[in-house]
Each structure stands twice: as C-alpha cells, then as structure tokens.
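Colleague: As a plain string of letters, each chain reads:
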Amino acid sequence: MTYHQKIRSDFPILSMLTPQGKPFIYLDNAATTQKPAAVLNAIDSFYRGRYSNVHRGAYWPASQTNLLFEKSREKVAGFLNAGNPECIVFTAGTTDSINKVANALAGLLNENDEILISEMEHHSNLVPWQILTKKNKLFLSFIEIDKYGKWKLSEAINKISERTKVIAVSAISNSLGTINDVKSVLKSSHPDYTITLVDAAQSVANYQTDVKALSCGFLTFSAHKMYGPMGVGVLYGKQNLLEKLPPLAYGGGMITEVEMHSTLFRNSPHKHEAGTPNVAGVIGLAAAIDYLNEIGWNFIMEHNQELTGYAMKKLSSIQNMILYGLAENHGPIISFNLEGIHPHDVAGYLAEEGIAIRAGHHCTQPLMSALNIQGTCRISFAIYNTKDEVDKLVSVLEKAEGFFT
Amino acid sequence: MSRIENLYQEKIMELAKSSIHFFELKTPSHVFTAYNPLCGDKFTFYLLVENGKIKEASFSGFGCAISKASSSLLVSKLIDNELTNLSMLVNDFLITIDSSSRGKIPDVVYAPFLAVREFPERISCVTLGWKELENQLKQNNLS
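Protein chains in written order, with the working numbering: chain A, 1 to 405; chain B, 1 to 143.
Chain B with its partners taken away, still in its complex shape:
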C-alpha cells in the first residue's frame, strides 16, 4: 500500500462519502462549529441532549475527505453517549492520533486514521471536530 493509499484508506473514503450523519438536526439542543481559518474547512455539529445523554447528533459543512471522515466518526461516537464521558472520548482520540503516541488503540475504529501521523500537515484535518468539542467542553458549553 502506498503512503497515499494508507492515508486515504477505504474506511476513510467510505466515511467521507457517507451521508449517514451528514445533515442538520431539526431541533438540536446544542450547536457548535469547528473551523480551520488556515484552510477554510468548516463543520457545524448538532446535538440533541436529554438528561445528560446525547440522543441524536449530526454534522454539516465543508472539508476535505480526512476532516469529513473524522467528523463523521466523531458523530457516531457521540450518539448515545453520556456528556460526562466526552472528555475522556476526546482525550483518547487526540492522544491516539498524536505522532509520539505508541500506546494501545482505545477503539479499533480509530485505526484507519493512524496513517495521518506520517502527514503532519494533515493532523489539523483529522482533529478539526474533536478539538472544537474539546474547546466546547473546556468552556462548559455542553452541560
């Protein structure tokens, strides 16, 4: 497999092209936008939270295959999750993606994204939505 095939693995292309989570929720309780001003990629995330649990989640916007796939992955991890789990979820993902990290992968669905460690200029693509979620948590916007 070439470096580029390793970066754009089948699973990533599948997620990037999938519309399963790619829509606007009609009545979200929480909305936040992840934006990379350097490249212009922008995704808005929609969450419907009830009793501390994310009942529904989705996203919409514009970004490259990597950022779209990783945002879709994020939404899939948010659905049915508890708000109290989100800090750990984001941390685990960001540590896994970090190029110096060599620990056990906390979730096999993260595996297709690990090739990005070899492409430092694409790290910001894969972490776009996740970093904004981290920011929202720090600001206590998700409670």
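Isolated chain A, as found in the complex:
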C-alpha cells in the first residue's frame, strides 16, 4: 500500500459506491471535506465514554472533558502559530465568526469610517459588512480583480487610508482558487487604526497558517473544511483586540458576577464563548489537526500543487473548455465552464458517473457579475484525490460535451 493509498483508506466514505454502483469521486472539498476515521473515532469516544459538559462539573468525567477542551484550544493555537491559547475563541464556523466580529465592531466604528473587502469574497465575508455599513453609515470599498482572477494589488494598497478601519479579506478565493496576497495588503494597513480579518476557510486545510507571519488582527476558519466536524470553527484574535471587543454573545460561562441589573464578564477568550460550546466539535477539530500534522504540510502542499497543475493541463485540453482564475498562485480549486452547457447540466451528468462537483455561483454573486457569468462548475481537491480521478473526470466531461451539444 502506498502512502497515498493509506491516506485514502483513512476515509471510510471513499470506499463506498454511489446508488448507481459507481466509485465515489469526491471533488467538492471547497464545500466540505470528508472525515477520516481518526476524527470520527474521537467524536464517538467522547460521546460514548467521556461525555459531560465543560466548566463547573466537579465529577468524573467533567474534569477530563474540561481538560480535553482546553488542550484542544492549545492545539489550535499551535496549529495557527498563535502562541497564546487565550487568542483562540471557538465559534460555530467562519460565517458565525465574521458575523460576530462585525456585530461587535458596531460600537467601535464611526460614521464615514471605511471597510475594505474584495470583489471575490464569499457572501459570508460581504453581507455582514454590508449590514454594518448601513447601520453605522460607513463606506464599503472593494479590492477589484483583474482578468486572471487576481487582486489589483497596487490599486488595493492605494485604497488604504487613515479612514480604512477594517480590512476583511479571504486567503484563497472559494470560487477561483486564487491565493491572495493577503500579507502585502495587511502590511499596508496601519496597526493602530485598522482592524484586519483574514477569512482562512479555504486555506487552512491546504497551507500552513501562521497568524504571526500574517500579522492579522483576526483570522477565522471552519473545522468541516479541514477534515473536522460541522458546526464548529475558530476565531483567532490578537489578545488586545479580543479584550477590546465587547462580548460576541451573552449568557452562561462568560460571566464572573451577575446581579439583577449588571454583570461582570470573564477575560478573553471565555467572555466571547457564551453558553455550552460545541465540545464534541472542538474535540473533533483537535483530532483533525492531529491528523493534518501526521500527514505533514510538505506532503499536502506537494500533492495539491501536482494535482491542481495536472488537472489544469488535462482540463484545458477539452474542446470548448473555459477556465476561470488563472493566477499563478493557485490553490486546489478550479472553476470552469463547457461553452454553451449550463453548469448544473454538467454537474448532473457527472453525478450519474459518481463524480461530485459543485455548480452555481458558489456564494460569490458579485464575483460572478465581475466575470460577466451566471455561474461555473467548480472542482476542488483534498489530500485523498488522485490523478486517476482527474482522468475519469476529464473523460466524463468529454462525454458530457457530446451529450449536450
């Protein structure tokens, strides 16, 4: 068994056949990744043998659960090179994190302040800022993209001024796969008056994340896009920012003293984690981090680069193929259309052959408008995908082209 075959065997679903009796070829990893047995087992053994709530419980197994929960926080801090585990707030995911930060910033931003995002943001890193902009009478500005699906970087840097109070951008475009030059943009902002947020949802499973090197104020991601469970995610924040921010939500677990008409809050990160957290999710996330570390970043990055390059080359050999997003720095996400065929028809045809891809606007309608298209077919790879799967995809796409034209 090769190392890659071993990786594939870690994912129970990959050995299943679709209802049509086809091997399951999963190429929708930007939407969510499949789960390795290690993550499933960690969640299962928590629910079966060690289940209790965190905080407050003075009995077995509550003390262990608490320990496991805080150990997971340390693990996440290490995973992001955050140093201090108190910089890690557990949330329900990327969307939840961004919404909470945007809500909490409402009290800190003033009329005419500017928020800078990019044209290619996922709706989850656009709509919360739109709402905040309207509420606080702010300005929302956009980093534009060029014909290769890259940020117009010098224009973007010129847009940053003393008025720019928030910069919120994605590390990798979920629609085009472009790896954005986040570092350059963040470096051009002023740390004293600009709060920066990096949406790392698409990068966290594919590239090593280093919040210190990025020097970002906030960074957020979801566990389910990095082999962990759904419904849990992380908001990293610099300690001074997390302390400055009013609590992201209110309730149990985040208070020190409550009187009838007033409450004192705990320090970060606990003041931002109201209510029972998703403990099983956090334990699953920690198992996913262990799993990624075991596979190793060298393998992951080499695999991504090789498979994405191979797929780009093979796809471009198909007649009437239109590829979108041709930036040289490209993550394992490829958007395309077969000329004259609607993306849903392509996806439906592939699904019959056991191949799972995504079709549509990928929650980036402004980007689709900028590209003057309604939608694309999108494939996205994970560590378990193979060149054979790409070959099968290409041969079925060729058949689809014949079928629909």
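Treat the hints loosely; a few may be bogus.
[Unchecked claim] Stretch by stretch, here's where chain B covers chain A in the computed footprint (C-beta under 8 Å, at least three residues): (1) 317-326; (2) 356-364; (3) 367-376.
Calculated directly from the structure, the hints in this document are not laboratory data.
Source: prediction; values computed, not measured.
Virtual Cβ for every residue (Gly too), placed ideally from N, Cα, C.
Assemble chain B onto chain A, guided by the hints.
Modeller: Relative to chain A, chain B alone:
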C-alpha cells in the same frame, strides 16, 4: 435508456435549445421573474393579456436545460389560454411532477419531464417558472 438519457430526453433537449419562445416581448402587459437563489437560475416571463386571454407570451434569461425546457413548455401552454384557467394549469403540472403522484398525466407533453421524479435535486429546475406563476396568481398579479 440510462437514467441520464431518461432525464434529458430528446424532447427536453429540443425545447431547451429552441428559440421559439425565447425572446423578450416588446409590449407585454405583465412581466414576472422566476429566480432560484440557490443556483442562480433566473427567467423572466412576458405576457400580453387582452380581455382575460393571453394573446402572446415569451421568456428570457439563464438556466439549465431542464429549467429552460420546462419554462418553454409553460410559455407554450400560456399562449391563447384564459387567465381563469391558469390556476388549474399550474396545479395539474405541479401534481404531475410530484414524486408521490401516480395519477393520469393530464397532458402528454408533460411526459418527458416525469423522469425528474427520480432526481429530487432537479425538481426545483423543472418547477422554477411554474412555481413563480403560482406565486403571481396567489398575489393576484395576473388579473
């Protein structure tokens, strides 16, 4: 016939590629848009109604072969129809397409669309225009 050939029957592909109803009416009396925010498919329907009767109808927009074919079918059923008949027309079609329905097909032209019952994720494609017409009728926009 494979499942996929059954879904994309010749008649459906013919309707999807046909431009016979696929244009914007110059002077419509009624215009409405059917939109599926999940996939982005969007068709606008144009009706010219005179004395309670649809004299002309057409549609334009963007959608998959299934949604385009079923919208084209809808337009063909609207032309020369009375407004008072539309509720029944929409109901009959939606009941026919429903996966639990096993009754008599009210119109043979619906037959090529029945395979969609086996593809639950494509039901919203085949009903896109019809459901919006149903919505317009409920809101009394077509009178």
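Colleague: With reference to the structure, classify each hint as holding or not holding.
Modeller: A quick look at each hint next to the structure:
no. : hint    : result
1   : 317-326 : violated (count 0)
2   : 356-364 : holds (count 3)
3   : 367-376 : holds (count 3)
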